[in-house]
Each structure stands twice: as C-alpha cells, then as structure tokens.
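Novice: Place chain Z on chain G using the hints.
Chain by chain, the residues run as shown.
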Amino acid sequence: MVSYICMSRIGNLCGNKEMKKTVVVGMSGGVDSSVCAYLLKEQGYDVIGVTMQIWRPENACDVSYNGGCCGLSAVDDARRVADVIGIPYYVMDFREEFQKYVIDNFTSQYVKGRTPNPCIECNRHVKWEALLQKARDIGADYLATGHYARITKLENGRYTISASKTAAKDQTYALYALTQDQLSHTLLPIGEYEKTDVRKIAEEAGLPVAHKKDSQEICFVPDGDYASFIEKEDGVVVPGPGDFVTPDGTFIAKHKGITHYTVGQRRGLGVAAGERIYVTNIDPATDRVTLGADEDLFTSVVIADDVCWMGIEGIAPDEKVRVKAKIRYNHGGETGVLESAGEGKVKVSFDKPVRAAAPGQALVYYDETGTYIYGGGTIVQ
Amino acid sequence: MIYLDNAATTQIEETAFNAMLPFLKGEYGNASAVYELARNSKRAVFNARKQCATLIGAAPNEILFTSGGTESNNWALIGAYEALSKRGDGSSVSEKADTSGNANGHIITTAIEHHAILRTAEYLESLGVSVTYLKPDSEGFINASQVIEAIREDTFLVSVMTANNEIGTIEPVCEIADAVHSVRKDILVHTDAVQAYGQICFDAFAKHVDLLSASSHKLGGPKGVGMLYVRDGIRLAPFIRGGMQESGRRAGTENVAGIAGFGAAAEVSFAGIDAKIGRETELRDRLLAKICDITGVIINGPYEKGDFSKRLPGNISVCIKGIEGETALIMLDREGICASSGSACTSGAREPSHVLKAIGRADDEAKGSLRFTLSHHNTEEEVDRAAAVLSEIVSKLRARNRF
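Sequences listed follow chains G and Z, in order.
Mapping of the first sequence onto the working numbering: position 334 corresponds to residue 334, and the numbering continues sequentially without gaps.
Mapping of the second sequence onto the working numbering: position 121 corresponds to residue 121, and the numbering continues sequentially without gaps.
Just chain G, with the same shape it has in the complex (with noise of 0.2 Å):
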C-alpha cells in the first residue's frame, strides 16, 4: 500500500495543518472515485465525499439496485466507501441540472438526428459547473474525480488534460470542454495510475468497491435503448417513420424514426440487403436516414463548431496545426491539419480518411503525439 502512495505527485501536505486544503471527490460508488478519495486522504487533503444526485423519482415498484455509475446502490457504496476511508460524506441534488444540460439536450439532439455523447455534457455543465461551484462555496480548494485523466500545466502557462498513465483507460476525450479556470482547480489522481493499480489499492486499503463492475452505457439509460428512452420523455416530440433511401435518393423501405438510428449503424436497421449496409447520414429535415456501404462512412475533412480551447488559447485565420484527432470516445485517433472553418468552426482534415464521424460527438484534438489536448467542438459534418 505504502509503496503506492509514495508514487503519487501531491504527498507532503500531511501533519501540516496550516496547508491542509480542502478537496470534494465526485463519488460514483465506483472503484476508480473511491481509490481517487483514498489517495487525496492518504496524500493529507482534507476531503469530503460527495455523490450527485442525479437520478429522477421512479415508480417505487421498479426501483431497483441495478448498476447505473450514478443510482440508489450508488449512494450505498459510496457512503460505505467514505465510511472506510474515514471522510464526511453528503449527496447533493444536481437533478435539476442534469435534466436540463444532460437529458433535455441528449434527446433534443437525438430529434435532430445527431449523436449526442452526455458524459460531454455532464463533465461540462453539472461536475465543473454546478459540482464545482458548489464544492467552491463550501470552502473546499478543488474539485476532485476518478477519470484516467491528467492535467499538466504546458510551457505557454496553460493547463490542458494529458492522457493518463494507461493508454487502455484513456478517458480525456470527454473532458475537452473544461475551461483554464476549471482545471486549476481540479485534481486527477487517478491519472497515474493502471486501472490494474486502482483495484489493487482499493483492495489494500479494504474498499468494498474494489471488484465492482465497471459501468459502460450511458447512465440514465442502463438498457441503453435511447430510442424508448426518448419516447418517454416529457415534451419530446419525437419523429415518426420516415424514408431508408440509398445513397443517391432512391426508395428502400421505411424506419420507425430518426431516433433510432445513427451514423454508422449496422444492425438493427430491418433492412435485408445482400452486402452489409449502414446509416451514413441521417436527414432530420426530411427524416430521410440513408443506407450505404462501408466505404460511404469514410469522410476526411470533419468540421466542427461550439469550439473550446485548452492547451492552446486557439488559432490564427490561416494557422495550420498538426494534431492527432478522436472523432468518438473510443476513436483512436488519426493524425491530421487543423485549421480554422470560419465562423467560430474549426475543421480537421485528416492523413487518412475516418469512419463515421457522426454529427453531435465531439471532435477532440491533441498535439500530435497525442498526448495533450488542444481542444474540440462538436461535430457538424
């Protein structure tokens, strides 16, 4: 356990109350949070746990223990984690910001035929706007998570994410939007550590979380079926059948809904052909969803707008900056030019093409090793 703790950046702030600062720990009830709050105990913050509170009254009889980063079992294994490591521990409604920059803006996009990716959004708005804000007026210095994430500060004064120690874990792409002020103020433990490290901490210091389950889908909607999801949302008016056309316009069959579909989708279409076909643009202007080849999802110029910078304060009308690219979460990246698009829209035209850039995620860059975010926009084609 000892040998661990010595690994991490921060470790002379102990005994010395004087210097003592004070962390909030966004807890999910999950292994890579809870070590995050151990680590910051251990390395002599004082440190308050806290979970958000971000699900919805259900119906009493459904309510249920299952996964989810953020539901009642949650609450349940955070409190006991925070029991273990000897913290105060609350859970604080964010519900009302969820619903508003979270869920109202992922089945808003999804009407529109895009891709939305909420855990963007959730960073972004709820954990460094709302969470912070709130871990700020309780007197606390920094705003602490378990992403496998870290923040450097670069030779030209700024901070930026850098990817973490395990390129496996790689969870930067979601945490394009922070602002400068934002990461000054939040601290990445986990970003120096192997997921393999984590469940080893955890384990040490006798964490009841330590062999939980990872979550994978997105967390309000544990089946991961978005379409019924968006269906039962209030005020939602939700797209009817439209037209599966081919490339060039022609009549295949109908669909049940935009919604149901996106950029690069293979299954699930109802669509018998005699090669594999997949979505490659969905028209919400005339619900039109087209099916293509393999070939037609490749695309080497990808725009985006609702831009944020970070690791540089951005770019010149004519700059050309080489970066590596992620077009999805779990994109590799492709190495590329970035230039401006004009507008407050900045494009990417990548070495080679990429598949299904679909509008609505995000389009991150980094320096071109890929280690450093520079920043990134959402997708428009």
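Be careful, since some hints might not be right.
[To be verified] Calculated Cβ distances over 10 Å to all of chain G for the following chain Z residues:
1) L21
2) R39
3) R43
4) A83
5) H106
6) G128
7) E149
8) A204
9) A271
10) M331
11) H376
12) E380
[Said to hold, decoys possible] Pairs of lysine-lysine residues, derived as PhoX-like cross-links and limited to a Cα-Cα distance of at most 25 Å, are as follows:
13) G:K232 <-> G:K112
14) Z:K357 <-> G:K100
15) G:K254 <-> G:K112
16) Z:K396 <-> Z:K321
17) G:K153 <-> G:K41
18) G:K20 <-> Z:K396
19) G:K21 <-> Z:K396
20) G:K256 <-> G:K112
21) Z:K207 <-> Z:K310
22) Z:K321 <-> G:K100
Calculated from the structure, these hints are not laboratory results.
These numbers come from a predicted model, not from an experiment.
Glycine residues also receive a C-beta, built at the ideal position from the N, C-alpha and C atoms.
Specialist: Same frame as chain G, now just chain Z:
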C-alpha cells in the same frame, strides 16, 4: 456537536431508556403468552398504553401501538377507507353507490401534510377515492370553515395535521373536528400529531378527534414505535394482519421494550410539559431574534407582531435570500451544527418543499430554507454559537455568489 434538529428525531430521555432496559434483557417474554414472564411484558405494554393515553385524555384501550407515525398515518387513512368500502357485509361501496358523489368516497386533507399522509392519500386516489387538498394561508393555517365548505355527501374522512413539521404551524384541530362533527357525525376526523404529541398541551384531544397518530422518537422515546388513537366504537379495518395482538386490530408481537420506552417518554413529557414549552420558547425566541439580525431573512410559519404562540415552541423555519439551504447545511455540519432544510424525509432534495410552496414561497426563496428545531436540552451557548456560525456562513455564500 450542537443538535438543532429535534423535529427529525430527539435524544432519548434517561427515564425512557431505563424503562426499556429490563425488556431488552431478562424480561423477554412474549406479551401474548400465559406464564409469569409474559405477564411482566403484558403489564409493561398496558402501563405504556395508559401513559400514552393520558397525554391526550384517552382511555388506555383506545391506544393501539404501531411501528411509528408513518404506519399510524397509513393505517388511519387506508383503514378508514376499507372499513367504509366493506360496510361489514362484504359488498363494496361502488355496488351500493347512488348517483351522487364518488362511489369510492371522498377525503379532505391539506396540502401541507407530511408525506406519510400525502403519499397514502395519492394511493387512495389511485383506488378511486377523491381527495381534496386544502390550501393553507400564508402562515400555514387551515381554518374550520374551509374544511366545512369542502365536505361532500361522500366525504368519509378529514385528516388535518396538529402541527406542521416544517414550519411549526399549530392547526386549530379541535375546532375543525367539532365543526365537522356538528355538520356530519359520521365523518371521521384524523390528525397527524407526530410533531405535536408531547410538545404542546393537548390533554383534551381525544374528546374531539376520532383518530390520532403519534410517534415515540419525537418526544424522547425510542425509534420504531408509534401509536394510533382510535376512539372507542370507531370502525377501522386492520392494516397489519396476523395474530390477535392489540385487540386483534394490529397484528405482530409487541415491541415491548420500545412500547415501554414510549410510555415512559410520554409520561415524562406530560409531567414537565409547561416547563418544557417555556424553556423551548425562550431558546427559540433567542435564536430567532439573532437569525433575524441577518438581512434578507423571511420567517416561515406563524409570526404576528413577534407573537410566535401559534407555532411549535421549538420550531424555527426561515428562508434566507442569496443562499442555498443544501449548501448552508453542509457548512453547518462542518462546524458541528445539526440542522435541516425542511423535513428530514425530503432532505437531500433541492426542490422547494411542498409546504413552502403551499404558503406561497417562490422557488428561489424556498431554496434558501433552513429549519432549526430546539429541545429543552439545548443551551443559550449553543443557540448563540449556532447564530454566529450561521451569520458567517451566509456572509461567505453571499460574497461568493455576489448576492
């Protein structure tokens, strides 16, 4: 630690604790059995029944022990509905209904009841019962004429709380009960007295209401035990079915230790009620005056020209502008001060409470709500420190949020 959340639960009284001890050790007999060991348990339960009855001027056999206030409230509403719907001959009301009114009957209650009443009323609605939720005035009062006006031909139950758990308003329950009975004798009047039982003088309640719920842990007794007063002769269907305990009306082996503790706590609080009220009132007014020195404080509940006599003696409920109650509570906790933002049962939720909404607080105001509920065990020093800490917290939060 400074404990200012006595509406959530109370510190157990020494007498109540001591009264429980024999039944947690040697005196373990099942009160329903025939031998000597059992008779001791039986005696303890009867003794407690008497102690609890005295507080409201009831007869011992009118007190039925339950697992707590929530069960009592569920039982009162559901039991009244089922007694009515079965009508003793197995046929349902709907089969007998005439064309007027709702076949499943009508209940009158208020918009500021505890969730144990509101959720149960909603459940009955789902079974077809109509429910009227009376709106209180800006201080939380429901008046008798409102209740009378709401009575319909099919009304079978009126349930109005004795005192509100969040804002401390003491409702004119006896007056309401008398008014209802003067119009219609067959309408049952229930009151949720969980917050008031043992806190205010109401030794004549049993003369007015038909059903009354109370809980042990709100007056210095143990958790997990409560009672329902059921006036002699009132028809009420059983809620927990099984053995013949509690005259066959509430099954389950008696929680003898809990019941003995409840009885002792009731007796202590009955004996010292005037002194207790006096002390709590004194402390409350001291703390309230200091809290009101903070700018932007709105008092929730009754306050007429500084006269707080119509609210629970230990209750302070305020909305403080420019802060969030949830945040302030955490900061108070970090200073060792226990308070609440509303009722303990809804804490953790930032949604404005239904009570504050009902008395007309805007969402923004209601978010800054804080409740301090004192007991006679508190001291001047505690109250002064709480006020000073709160004032500092409010300044900090306002400075941060540029209020």
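Novice: Could you tell me which of the hints above the structure violates, numbers in ascending order?
Specialist: Violated hint: only 10; rest satisfied.
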